[in-house]
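As a plain string of letters, each chain reads:
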Amino acid sequence: MKVIVPVKRVLDYNVKPRVKADGSGVDLANVKMSMNPFDEIAVEEAIRLKEKGVATEIVAVSIGVAKAQDTLRTALAMGADRAILVTAETEVEPLAVAKILKAIVDEETPQLVILGKQAIDDDANQTGQMLAALTGWAQGTFASKVEVEGDTAKVTREVDGGLETVSLKLPAIVTTDLRLNEPRYATLPNIMKAKSKPLANKTPADYGVDIAPRLTIVSVAEPAKRQAGAKVADVDELVMKLKAMGVAK
Amino acid sequence: MKTLVWVEHDGQAVKDATLSAVTAASKLGEVHLLVAGENVGGVAEAAAKIAGVDKVHVADGAPFAHALAENVAPLVAGLMESHDAFVAPATTTGKNIAPRVAALLDVMQLSDILSVEGPDTFTRPIYAGNAIATVKTSDAKLVVTVRGTAFEKAAAEGGSGTIEAVGGGADAGVSSFVGAEIAQSSRPELTSAKIIVSGGRALGSSDEFHKLIDPLADKLGAGVGASRAAVDAGYAPNDYQVGQTGKIVAPEVYVAVGISGAIQHLAGMKDSKVIVAINKDEDAPIFQVADLGLVGDLFKVVPELTKKL
Ligand SMILES: Cc1cc2nc3c(=O)[nH]c(=O)nc-3n(C[C@H](O)[C@H](O)[C@H](O)COP(=O)(O)OP(=O)(O)OC[C@H]3O[C@@H](n4cnc5c(N)ncnc54)[C@H](O)[C@@H]3O)c2cc1C
Ligand SMILES: Nc1ncnc2c1ncn2[C@@H]1O[C@H](COP(=O)(O)O)[C@@H](O)[C@H]1O
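Going line by line, the protein sequences match chains A and B. Okay, so the first sequence: first residue is 1024 according to my numbering, each after it adds one. Okay, so the second sequence: first residue is 5 according to my numbering, each after it adds one.
Incorrect hints may appear among the rest.
What the hints assert, rightly or not - Which chain B residues stay away from chain A? Per the calculated CB distances, all over 10 angstroms, these:
hint : residue
1    : Asp14
2    : Leu83
3    : Ala137
4    : Gly297
What the hints assert, rightly or not - Label-pair distances were calculated between CB atoms; the ranges are:
hint : chain 1 : residue 1 : chain 2 : residue 2 : range
5    : A       : Lys1039   : B       : Asp14     : 33 to 41 angstroms
6    : A       : Asn1037   : B       : Ser119    : 24 to 32 angstroms
7    : B       : Lys59     : A       : Val1088   : 19 to 27 angstroms
8    : B       : Ala66     : A       : Asp1093   : 47 to 55 angstroms
9    : A       : Gly1046   : B       : Ala174    : 45 to 53 angstroms
10   : A       : Glu1130   : B       : Glu168    : 37 to 45 angstroms
11   : B       : Lys215    : A       : Thr1226   : 57 to 65 angstroms
12   : A       : Glu1131   : B       : Glu168    : 42 to 50 angstroms
13   : B       : Glu42     : A       : Lys1192   : 16 to 24 angstroms
14   : B       : Asp285    : A       : Lys1075   : 40 to 48 angstroms
15   : B       : Glu286    : A       : Met1263   : 15 to 23 angstroms
Just so you know, the hints here were simulated from the structure itself, not pulled from any lab data. Note that the coordinates shown come from a computational prediction; the quantities given were computed from them, not determined experimentally. Backbone N, C-alpha and C fix where the C-beta goes; we use that ideal spot for every residue, glycine too.
The following block holds chain B by itself, in its conformation from the complex (with noise of 0.2 angstroms):
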């Protein structure tokens, strides 16, 4: 079988995220990767380099700039006469763009698989990972998306795929990118930080959970992550939610401030190696899953850890 990744990138260097889409296609067949964008010759240099790619494919125009889907799905359609899996990592780009090709081939597509258990059977997590369904497809061609944190990555270095630029890619003319808001940070990313904080509702605003997580994840070299109810309050931003609709973590050690642990936060945090939480209800959910917990007051135990670390 013939596989294509995309390829997650910000124009510059391959992101994390594609290297565990390639792992997953590995298991399916022979490697491809399909670079789209403007000025993304030293990104398709970088990606031949992960171990196991065959062949890079690079579409490189003004079209693909901020990968709209509206013009990015029929370039990847187009590839997918040649190929028999389209496997995107399950990102905001990769969940943006599948469907809209697999619309496209006429097939339904596979999201958020957690494990190849065949040419055309995966395993997938259903309602917020309280289930996990074997799924099986009748559809000649797969498109699938791929969990980040159920897949081993690809080394980086050591492969050496050829490189192939893709003629054509017209912008459809149906939308265009405005602007966007990226966060710096010098923190590590979420969904490949070795430890992260997270604080919820109870830091009670943006000033608190900034005084207390943000010194916290510093000493411990973490990401910072939030609940839905700290977002939806204004007190993170959005990138930094984790949950069944946000994203998805797996690190070291997870760290969980003044969350309580709803079913829908548990689904993007429960795969962590090792869970810490504080919470001064000693039977919040959160304890459920927690491999040390402590109960107490954040306000207090918080700056007292962050001191003793």
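Excised from the complex, chain A in its bound form (with noise of 0.2 angstroms):
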């Protein structure tokens, strides 16, 4: 079966966000950027499910600007067959990267599409709940285990209150929670091999989708700062200071 990853181009998570002074949004100019690490596990997964001889081929995609092309080499480097690349110059919000995703779902007719949870720059927690409703699949989010049997996956989701499994009929989406793999590196072989993998370009208007965005941002600041306190010499100071607070009699 074929498997569908998409992967998103994000600011590296070990980088400080910094909000740009005249608060239009975060600065991106030469920063390091890298896939989105919720995507690499999604990728993984995918990889795992080929070793497995559960999956036959793996699609990467990506919608954005043309430097994803290194998020999707990347991928191509950790396993993935091929890639494509939906090149858009503006940010493209969830609700239209899932129409995207769901024109290229209808052409490629995978069995599973394993995204990421949250993209760690917009927070949005969105993209995979919504293609499952355009698709009107089943959905497996915040996945700590995935398992394929016939026409079914088990999925184990990690949940407010702690782990809840559910059985969802193929062709279905999963997203991705911190626990389900560890992410592999790509070898220096392999990345070499990626550069010849195929990877066709496109454009949102091949799926006759309109990205014009919903949502105006009408400024971003930066949250309000904590002031650092002071430090205690030790637990009897500690525990004088808690007192006086009242958090402790």
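Make the complex out of the two chains shown on their own, each in a separate frame, by following the hints.
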């Protein structure tokens, strides 16, 4: 079966985001960009399904600026078979991303689409669920375990109270949580090999999707700064201060 | 504006997260609630007592028993014909359902709102809360999820909403509930605890985590949390994780033990009233947000603290 993995190029998680002085957004000039960490987990899961003989082909998809090609090459170096880059010069909202993915799903007819649960830039946590709505497919969000058996996928989900397991009829949508797996690093030979794997160039218009944003960013501001307080010398002083605050008796 | 608020419940009681969502919804207009589940008459009655509630829509039936998004989203989308805004708490249930509803309605969701600035304008955190965006929507209907710590809780008593059954509701036939491992704990729930003690990678093992963190939490009547590193290493279960991609908490006191203070962790706790940090590295970033910092070896300091409290 075919697996589609959407991967987003985002500000690297180790970089501290800086709000632009004019309040128009976060400064992305000359900072390290990487694959969204949850999407690395998604790519890894697809590769493991292929290694188990469950998946036969892995198609990585990214919607974004031309540079998102680098993110796709990373997915290919990890083990994806081919890639589709849908170029858009402006930020595409989750709803429009989901619509583009729906059109790609219609063309590619995968049995599984594995997305990240959340992009760490917009922190939206929407795209997978939206794609599930548009396809009418089942959704296993926040997955910490995925087992494909015949025409169903059993997905263990990280929920507020603990864990929940659902059974999904394939084709289905899965979104990854942190505990699903530990993504592999691409090796140098595989990075070289990835350069010759197929990468198709598309535009939103090719899929007939209008990407005009529904949301307007009025302004972006820094959050209120917290003042660092004092250090205490020892446990006795900490206990004294906690008692003074009424936290301890 | 008529709002429809998703009632988070466990089949017995209304969960606190609902109350913050009600407050957010009341800033938009008339508050209607949706209680979906199986045998949820009792929940509906409790929900009708929440202050400020006009009406409670109750969808009672087997397809809604486990809040499967495939079954619930079409129900909500149907009810949205007569409502203007769907408001869900940003719990794992809310996050699972709301975007599916939004796509059915062809609207862009606003996730994790921090404030209501106007009928179409909200603030929300982006980049792990390192930036706050003010966002205006042009969609005709609203779908928002609400960050619980950003809104006061509506009073659970004092309201007198009318209860109305919602007919129909089918099983979409694409998914089913298999089972759940929901932790039973006598400790306060993380998102509503007044005090939280969280442990990090430095605890080194599940045994040490429980040997050191639990007694301190018990002394303080606190809930227990953890960093991602502690959860990944299996020292604590996944539902303990505090942070950008875990739970967002804002207790009166947050005690971080052996946690470095990565931005992803700070995203989940930096709105706590008082932050106490115990770390052996005096340069650990957690001290930049801590009101009370103690530099020391947690294996010595924590048992001493527990004893002296
Ligand atoms: C996509 C993504 C999402 C993430 N989401 C989250 C999230 O939601 N929540 C979260 O917490 N993290 C999250 N992280 C992980 C985050 O980046 C950090 O890796 C994590 O928070 C580190 O956990 P820690 O502080 O326990 O461990 P470390 O960073 O290893 O810190 C351990 C600390 O313990 C101190 N220490 C060691 N020994 C002792 C001792 N004997 N006594 C006292 N102090 C000691 C050290 O000085 C150090 O400061 C996420 C990361 C990614 C990529
Ligand atoms: N522009 C994009 N290109 C490819 N995949 C995306 C894009 N935006 C979102 N996704 C996928 O959807 C997931 C959730 O993103 P979000 O809903 O924005 O939090 C990500 O982890 C990706 O798997």
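Now the hints, each set against the structure:
no.	hint	result
1	Asp14	violated (8 angstroms)
2	Leu83	holds (16 angstroms)
3	Ala137	violated (5 angstroms)
4	Gly297	violated (4 angstroms)
5	Lys1039(A) <-> Asp14(B): 33 to 41 angstroms	holds (38 angstroms)
6	Asn1037(A) <-> Ser119(B): 24 to 32 angstroms	holds (30 angstroms)
7	Lys59(B) <-> Val1088(A): 19 to 27 angstroms	violated (47 angstroms)
8	Ala66(B) <-> Asp1093(A): 47 to 55 angstroms	holds (48 angstroms)
9	Gly1046(A) <-> Ala174(B): 45 to 53 angstroms	holds (47 angstroms)
10	Glu1130(A) <-> Glu168(B): 37 to 45 angstroms	holds (44 angstroms)
11	Lys215(B) <-> Thr1226(A): 57 to 65 angstroms	holds (58 angstroms)
12	Glu1131(A) <-> Glu168(B): 42 to 50 angstroms	holds (44 angstroms)
13	Glu42(B) <-> Lys1192(A): 16 to 24 angstroms	holds (21 angstroms)
14	Asp285(B) <-> Lys1075(A): 40 to 48 angstroms	holds (42 angstroms)
15	Glu286(B) <-> Met1263(A): 15 to 23 angstroms	holds (21 angstroms)
The structure does not agree with the numbered hints 1, 3, 4 and 7 stated previously, though it agrees with the rest.
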